[in-house]
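Turn these sequences into a full structure, and let the hints guide you.
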Amino acid sequence: MNALELARWQFGITTIYHFVLVPLTIGLTPLVAIMQTVWYRTGNETWLRLTKFFGKLLLINFALGVATGIVQEFQFGMAWSEYSRFVGDVFGAPLAMEALAAFFIESTFLGLWIFGWERLPKKIHLATIWLVAIGTNLSAYFILAANSWMQHPVGTTYNAQTGRAEMTDIGAVLSNPTLLSAFPHTIATSFLVAGTFVAGIAGWWMVRAVRAKNESLARSLYRPAVLLGVVVMLVAGIGVTLSGDTQAKLMFQQQPMKMAAAEALCVSEDGASFSILAIGNLANDCAGVRHVISVPGLTSFLANGDFSSHLDGVTEIQQRDEQRFGSEVNYSPNLAVTYWSFRLMIGLGAGSAALALLALWLTRKGRVTGNKWFARLALGAIPTPFLAASFGWLFTEMGRQPWVVAPNPTGIDEIRLLTARGVSTSVSAGTILTSMIVFTVLYAALGVVWFRLIARYAREGAPETAPPATTDESETGPLSFAY
Amino acid sequence: MELTTVWFVLIAILWTGYLVLEGFDFGVGMLIPIIGRDDAERRVVINTIGPVWDGNEVWLLTAGGATFAAFPEWYATLFSGFYLPLLLILVALIVRAVAFEYRGKINSPAWRARWDAGIGLGSWLPSILWGVAFANIVRGVAINADAQYTGGFWALLNPYALLGGLTTLLLFLTHGAVFLALKTDGTVRARAGALAAKLSITTLVVAGGFAVWTQVAYSVTWTWAVVAVAALALLGVVVATSRRREGWAFALSALAILAAVVLIFGSLYPDVMPSTTDPAFSLTVTNASSTHYTLTVMTWVAVVLTPVVLAYQAWTYWVFRKRISTADIPAHTGLTFERSRERA
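Quick mapping for you: the protein sequence lines, in order, are chains P and B.
Residue numbering for the first sequence follows our numbering, beginning at 16 and increasing consecutively.
Residue numbering for the second sequence follows our numbering, beginning at 43 and increasing consecutively.
Hints were generated in silico from the structure; no laboratory data involved.
In this text, all values refer to a predicted model and were calculated from it rather than measured experimentally.
For every residue, glycine included, the Cβ atom is placed at its ideal position computed from N, Cα and C.
Hints are all accurate, no fakes.
Pairs of lysine-lysine residues, derived as DSS-like cross-links and limited to a Cα-Cα distance of at most 27 angstroms, are as follows:
1) P:228 x P:380
2) B:364 x P:138
3) P:67 x B:364
Derived coverage of chain B by chain P (criterion: at least 3 residues anywhere in the stretch with Cβ under 8 angstroms from a Cβ of chain P; other residues may be distant):
4) 117 to 129
5) 142 to 155
6) 328 to 337
Structure, rendered in structure tokens:
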């Protein structure tokens with residue numbers, strides 16, 4: 016493999032991995048904050064126990080999220096230096112803002128939250144976890160501003176002398192319509208991930224408690240957590256769907272090739288159908304694609320609200336792009352990857368819905384359940400939104416290939432960059448292979464530890480909590496350590 | 043002052059913040075097995091930086107992000123050129139970050155020992171490599187007309203850079219020791235203070251030597267004053283640690299690190315990455331920078347946000363100002379991997 020392919024694999028591996036951990040952090044921090052808020056307001060010990068239970072799991076996740084995030088800040092310069100030179104004037108700013116505005120808040124106040132139990136006044140301690148929640152969500156905004164700019168460059172001009180993109184309007188960059196739909200979509204996804212996580216673990220424990228003849232534990236402790244998780248899942252699920260629809264409609268306008276590939280729509284059509292199953296040549300040959308099951312007119316409807324509207328196919332868009340940008344490049348992304356990741360994203364997202372609806376039914380009117388199958392569904396549902404999120408990112412990033420800065424159809428033509436042109440020219444394939452292997456092995460090892468710790472602490476259940484021994488601000492008592 | 047110069051200074055400030063704060067994090071991390079002779083003492087050492095290490099590390103991300111935003115050519119050339127050393131630093135930081143959080147999660151001496159090794163690796167390696175990296179930047183490296191580094195990995199391990207690595211290593215060890223002496227009580231405090239006194243002498247000699255070498259070979263006239271400040275600060279650390287004046291020792295140690303950064307950046311300006319191939323190929327504050335517009339936007343962002351960050355980070359140190367001793371360490375709360383008593 017050459018340096019470009021290796022660099023792409025490395026970026027993909029490290030980023031997908033990072034984004035397994037991040038949605039859980041983004042979604043779970045506010046949920047833990049809510050639990051602690053309920054405890055603060057009502058004094059009900061149940062909610063303190065839930066705060067500490069899910070808080071512990073959050074910290075196990077947060078640490079690896081931070082660790083894998085450090086790499087992200089530097090990767091652009093390391094293997095993608097030519098990309099960095101081209102986009103740095105625009106792209107660097109949101110990254111710097113992310114660190115200054117969001118990372119500082121989340122890291123500083125997390126330390127205060129971990130170590131501040133019984134050390135800070137209760138109200139202030141509560142505020143710390145809320146600030147962490149705000150920090151994580153804010154960080155998503157800035158990084159998505161950067162990514163949205165790659166998908167749909169705005170607020171920028173092209174300097175022919177330097178051959179660089181130059182920012183002209185930060186407001187446009189931070190209010191990019193692509194960003195304004197990507198952000199709610201990502202946040203809703205994160206809440207879906209976290210809600211499923213909470214409902215899944217609490218649901219499993221509810222069944223376990225009932226089967227161990229401890230119905231009061233199931234009813235007083237785990238049922239409320241299940242309900243919290245389920246409500247979050249349902250609201251988030253609706254949010255993901257609505258924002259996903261908005262985003263897709265935008266993509267039809269902004270990146271028509273991506274959406275044509277997502278549908279394996281090779282030839283332009285009026286009233287394009289939504290393909291549920293298509294088979295073809297895995298070597299990505301558009302001509303060999305056969306749609307086996309499809310819903311007539313649905314893609315046109317999803318794109319434009321009109322079952323018979325016109326949609327361009329891969330072939331036509333390729334011809335258009337060749338005229339605009341030159342004929343040596345294949346402007347369509349990998350059809351199989353784009354097509355299947357899009358469908359897997361949608362399909363797996365529905366996995367959580369099954370858990371939510373069943374959980375609501377089984378816990379209606381104060382009930383708890385000891386049903387073994389519900390426990391299995393509860394655990395089995397947890398990974399599905401994680402996978403959906405990963406496939407979503409695979410879709411949108413693989414779907415924008417061969418571009419690393421996709422040309423804006425209504426923008427300046429010269430603001431565009433092929434992925435192949437973005438890779439560092441001074442770094443050898445051997446060096447990139449080395450780092451790719453190192454990161455992959457390291458991340459795999461840490462991932463195993465992460466999973467074992469989360470499983471172990473989840474299996475332990477919510478801890479008993481001792482009533483606070485001293486007053487709010489403890490000068491003389493033992494400090495509540497985490498380490 | 044030109045915005046490009048303003049941002050040169052701001053990036054120097056961000057690196058100063060990072061090296062002063064993470065300097066003692068690294069020092070403490072390296073000293074865990076040396077100052078902490080048993081489990082409780084080791085936990086004392088780790089918990090001195092427990093609440094703050096993560097917030098301190100963000101200074102690095104901010105410095106990197108700011109470099110990308112303000113001087114994208116510098117960011118690109120530096121991080122692609124120094125790829126392998128940066129990879130080592132990243133691995134070290136990843137392991138350290140996870141180690142801090144995971145160490146206490148399982149109650150087992152073998153588990154703790156493994157993660158302590160991770161904290162150690164994550165503290166020793168960056169302490170050396172940051173010095174190597176900055177020394178190479180100031181010395182100049184092979185950069186061609188296309189702003190690409192052409193020197194390879196081994197060229198970075200030249201004598202000057204290795205001395206730079208030894209300098210930061212000793213600076214951080216000393217800084218960590220004086221921090222421990224300031225933040226702890228009992229046996230740990232005594233041991234840290236004694237070690238700091240011994241280390242400070244070696245640090246004075248090595249760092250002083252590096253500072254003079256830098257000044258003579260790479261610097262300009264006004265930075266002699268910085269060398270003087272650094273030398274006096276290091277001397278002050280020797281005196282303060284021998285007298286166990288812990289607050290002074292820490293302040294002067296921080297000043298020494300600050301002076302080191304000022305020396306580096308003062309020697310560099312107006313270059314950001316001098317080229318040994320041909321001075322005309324050097325990256326400068328002008329040819330490596332972003333547009334005036336971007337620098338203006340970022341200046342507003344920095345001016346508004348940085349004081350806020352400083353304020354709440356300072357508050358954190360105030361909240362956790364109490365000295366820690368082994369008496370403050372509660373029992374282990376970690377689980378074991380074996381199934382514990384049935385809870386339901």
